[in-house]
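Novice: Could you slot chain B onto chain A? The hints should help.
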Amino acid sequence: MTRENNKKTVNVLVVGTGGQGVITASEILSDVAMRSGFDAKKSEIHGMSQRGGVVTSHVRYSENVASPIIMEGEADILLSFELSETVRWLHFLRPSGRVITSLQKIIPPAVYAGMGSYPEEAQTVIKQRTTDPIFVDALPMAEKLGNPRLVNTILLGIASAMLDLPVDEWKAVIAERVPANFKELNLVAFDKGRDIG
Amino acid sequence: MKKQILSGNEAVALGAFQAGVKVASAYPGTPSTEILQNFATYKDVYAEWAPNEKVALEVAIGSAMTGVRTLFTTKHVGLNVAADPLMTLAYTGIPGGLLIVCADDPGMHSSQNEQDNRFYAKFAKIPMLEPSDSQEALEMVEEGLLLSEKYDCPTMLRMTTRVCHSKSIVQIDAGNQAAVPVAEGFKRDLKKFVMIPAFAKLRHPLVLEREEKLEHVTETTAVNRIEWNDKKIGIITCGIAYQYVKEIMPDASILKLGMTFPLPKKKIKEFADKVERLFVVEELEPYIEDEIRIMGLAVEGKIFFPKLDELSPDIVATGFAKAGVLPYDLPPVQEKAPGGSMPRPPLLCAGCPHRGLLYSLNKMKAIVHGDIGCSTLSVLPPLQSIDTTLCMGASISMAHGTAKAMAIAGLEDKRPVFAAIGDSTFFHSGITSLMDVIYNKGNVNVLIMDNRITAMTGGQQNPGTGRTLQMEETYAVDILEIVRALGCKRVREIDPFDLEGTIAALKEEVAYDGPSVLVTKRPCVQLFRRDPQAVRTVDSDGCLGCKRCLKLGCPSISQGDIIPDDADKKERRYSNIDATTCYGCALCEQVCTSNAIVYVPQ
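If you read the sequences in order, they're chains A and B.
The first sequence lines up with residues 1 to 197 when you count with my numbering.
The second sequence lines up with residues 1 to 602 when you count with my numbering.
Same shape as in the complex, but just chain A (with noise of 0.2 Å):
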């Protein structure tokens, strides 16, 4: 017998590096979950993650959430805005969760110091483990279309062709949330992701 809860609650583990705008992304996913009427729980731990250190946020979201946290092999979507990060986090997917993966890569100093290598198969590994995974080349993107700050919504556009919450609800929760000045550009970049999912 498994676990029932396991499969009434979508959850969506956001990854990346300090300063990437991981926080953001899942600030914006949990509360479009909740004005879609959804109980919704994120849980992530500040304080060295501005620092270029690993950061995670945990979003989870159903009629009725309990831990804050997901369980190991329960994810149902790895959004990872650095690519070694999603290989690093690659085990907390459930077997039919989908990555969607930046293919951005930010080489730790650590590696400089001799202190471990940066994962040059990242791609490979993830193909072989999961299934249908989406590849994007979010930071030249978003550059593209001006600023690389749009690799956040270029991303979570993505996700939102993947979850079953309302479209409404995304654009109004990205258009409240960034700069009144970039709300256009940013509304292209979601509609640009979407097409991606």
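Please note that the accuracy of each hint is not assured.
Said to hold, decoys possible - Straight line, CA to CA, 27 Å or less: simulated DSS-like cross-link-like pairs of lysine-lysine:
1) B:302 <-> B:269
2) B:336 <-> A:127
3) A:8 <-> B:231
Just so you know, the hints here were simulated from the structure itself, not pulled from any lab data.
Remember, predicted model here, so these are calculated numbers, not experimental data.
Specialist: Just chain B, lined up with the frame of chain A:
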């Protein structure tokens, strides 16, 4: 009624405002910091950053003595600093509601230890409430203040990182303004507030009487509730662990404890009698479990659920599986993907003013007593510049002890002894340590890293910044003046972006026989960054791939392409500077011996 998704910290701030709290004092500390930051945004309240937690609690006590509802917030280790006023406050009591919000950090996400502060409530014999989510955090603020007022003692609201920083939905009733008792002002009451031995002897019995009264409260309060279900398994739990238990064991009976001092012994007994097997799931110490054992009841807890680290749904599931009561199969262990273990530790930022000093210390081969703050990030390679970190302010006093011991015991050691401490930490508790050094004729070289802010907790004002919590202008304490007033006349400012000057200054102080203070004065790059900066770049004609610049541990510097070389030598790569993150501190330019790092005019 409106729904909003709030963190536990935001919920406490809102709860305090709605409950009519007027005064709040704290020292910043993860995971508690955002409570005061949020509270300070409400109208008609007074909130302040105190230089340390002892001061903050004493401010709160003085406030509550007038009958005004008051808030004191702290991280777990901060309550150690405030333990002195706390223990006697438990004797005196206060007429105004006083809530002590204590944020523990199981798992040490941002702390030097993971002590379980529930023992402080038991130690001081004050009521303790523990929320499991943001809604409860909000509601327990008023509940705590009412208990405080009714039983003439502070109430402790014990949170943990996962409750402070997780967000969950809160029902907000904007019109919900609590009935706040009228503050009657300060009233002289010598036998209550002057704790000379004769009067304290009169107060101690009252503490015991109060504990008895609270024992009745805890039996009837709605926050200690039984959720009856299948009686084969009964689980007593509190705080975030309750959420994990609900997630993992939805069919078990649960005694959910929202008030964990005193514990409701009758209710526990009643619950225990009706279930076949009794478990306790709690983070850190077996605080509840031990009490139940003393009651003579059969209980299982820490045998299945670790005392180390924070709990998680996975750990709770594993514990119940070990106990043989998990009603379904444990999901197969998820193997981590190959290549997923590359370390990515947090780092000093590009342009961090600490880097120049810490790099120089590494070159000095010194014994460096470090302190709490961002500079602890330099413990890892390549900087590896500190030898110790213990608690706030300890660097200077420990350096003094090391130097004195080496001298009196005749220990042969050529390494100079340094203490390195930040500005906010110096104000917190470094000043008294430096006083000790001077008073007792110590010989320590003290380095005060003045980055004009309390940086590690996200950038809070402090007595040296000239701004209050609300960003009002105020007197900025002058570190040099303080140091001189303590009797240390050898003190000066240096620029940590000038590497040669910094190393020369360190050597000079080592050569000087006597105590000295160097202040590295440069603002925190995170909070004061102004673009555009004098960005540096690598000239590939000059770069030899020697990696000297990489020894700075700067996140903007990486390795790029292989340097073409026909000779049969070791592979060398060009250094690369990321123009979007480079701040232009020019440390790399100074360490480069082949002049390959150059300034890019905008």
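Novice: Each of the hints needs a verdict: does it hold here or not?
Specialist: Verification of the hints:
Distance hint between residue 302 of chain B and residue 269 of chain B is fulfilled; the C-alpha atoms sit about 19 Å from each other, no more than 27 Å. Between residue 336 of chain B and residue 127 of chain A the CA atoms are separated by roughly 15 Å; this keeps the pair inside 27 Å, and the hint holds. Distance hint between residue 8 of chain A and residue 231 of chain B is fulfilled; the C-alpha atoms sit about 25 Å from each other, no more than 27 Å.
Of the numbered hints stated above, none is contradicted by the structure.
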